[in-house]
Amino acid sequence: MPRLKLTLEYEGTRYVGWQMQPNGPSIQSTLQDALDTLLGERVFVASAGRTDSGVHATGQVACFDTGRVLPLKAYTMGLNGILPPDIAIVRAEEVSQDFDPRRWSRGKRYRYRLSNRRMRSPLLRATHWEVFAPLDVEAMRRASQALLGRHDFSAFRAADCQAKHAVREVRQVRVEGVSGDSLAVVVEGTAFLKHMVRNLVGTLVEVGKGRRPEAWVAEVLASRNRKLAGATAPPQGLVLEEVFYGDGPPPRSSGDAAAVEEDEG
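Counting from 1, one number per residue, gives the positions in the sequence shown under the working numbering.
Heads up, a few of these hints could be off.
No more than 27 Å apart at the CA atoms, straight line, and that leaves these computed lysine-lysine pairs for DSSO-like [claimed, not checked]: (1) Lys164 <-> Lys209; (2) Lys5 <-> Lys194; (3) Lys209 <-> Lys227; (4) Lys5 <-> Lys73; (5) Lys227 <-> Lys194.
Here are the computed distance ranges between Cβ atoms for each label pair [to be verified]: (6) Met119 <-> Met1: 51 to 61 Å; (7) Ser179 <-> Arg125: 26 to 36 Å; (8) Lys227 <-> Leu70: 50 to 60 Å.
To be clear, the hints were calculated from the coordinates, so they are not data collected in a lab.
Being a predicted model, the structure only gives us computed values, none of them experimental.
Cβ coordinates follow ideal geometry from the N, Cα and C atoms, glycine included.
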C-alpha cells in the first residue's frame with residue numbers, strides 16, 4: 001500500500017485551521033474530500049503540524065496511505081483540478097511506510113508578515129498584520145537575538161497550550177524589511193508551542209513601537225510568564241513556510257519527542 005507525501009500551499013482565510021472541526025471547513029477535511037473524489041476511497045491525512053484559523057502555508061506537509069497506484073502527477077495536476085483555488089498541491093512523492101510527517105520533522109520555518117505603511121491596504125489585509133505606528137526595525141532585530149538557542153519559552157505559549165514542556169530550540173530569527181514598508185519576522189526552530197511565533201512577534205512589535213526597551217525581550221523570556229509578554233499577533237500574518245526532513249527519523253531525547261506533540265507557531 002503506497003504512502004504518499006504531499007506538500008501544500010494554502011491561504012487559510014476562510015478555514016478554521018488545518019484540523020477538522022465541527023464549526024467550519026478545515027484544510028484537512030477539504031483535502032480528504034478531494035482525495036476521496038480522486039481515489040474513490042476514504043483516506044486519512046496526517047500533517048506535519050496544525051495551523052490555526054486564518055494562518056497560511058507555502059510548505060505544509062501531509063501524508064496518507066492508499067490502496068490505489070496512480071502516477072504522481074495525479075496528485076498535482078489531477079488533485080489541483082478538484083481542490084478549491086485557495087489550496088494547491090505543489091509537490092507529491094512516494095515515501096516509506098514508516099514516514100511520519102510530524103515525528104520525522106527536523107524543524108520548521110515560519111514567516112510572519114507585517115505591513116508598516118501609514119495607510120491600510122485592501123490587498124494585504126488578509127496576509128499581513130497592518131501596524132500603522134512607525135517601527136524601529138533595528139531595535140527589533142537586536143532584541144530578537146535574545147530568542148536564539150534552547151530555552152524555556154513558557155512566556156510565549158498560548159494559555160491553552162497542552163505541550164508537556166515549553167523547552168524549544170530557535171535556530172534563527174530574522175527581521176526583514178524597513179520601517180514604513182512591508183516587514184517579515186522569520187523564525188526557524190526544531191518545534192514550536194501553540195501561538196509561539198505570534199507571541200514572539202507581538203513582543204517584538206512592542207519594542208519596535210518604542211514602548212519597551214530592547215533588553216525587555218530577554219527579561220520576558222527569562223520570566224517564563226506569559227502575562228509579561230506582548231499581545232498575540234493576529235493569525236493572518238503567519239505562514240508555515242517550510243518543514244525540514246532528513247533521510248529518516250531524527251534522533252530525539254525524550255524531551256525532544258514530547259516537543260512535537262503540540263505545534264504551531
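A quick look at each hint next to the structure:
1. Lys164 <-> Lys209: violated, 34 Å
2. Lys5 <-> Lys194: holds, 24 Å
3. Lys209 <-> Lys227: holds, 19 Å
4. Lys5 <-> Lys73: holds, 13 Å
5. Lys227 <-> Lys194: holds, 15 Å
6. Met119 <-> Met1: 51 to 61 Å: Taking Cβ atoms as reference, Met119 and Met1 lie about 55 Å apart, which means the hint holds.
7. Ser179 <-> Arg125: 26 to 36 Å: Cβ of Ser179 to Cβ of Arg125: about 20 Å, so the range 26 to 36 Å is violated.
8. Lys227 <-> Leu70: 50 to 60 Å: holds, 52 Å
When the structure is compared with the earlier hints, violations turn up for hints 1, 7 and for no others.
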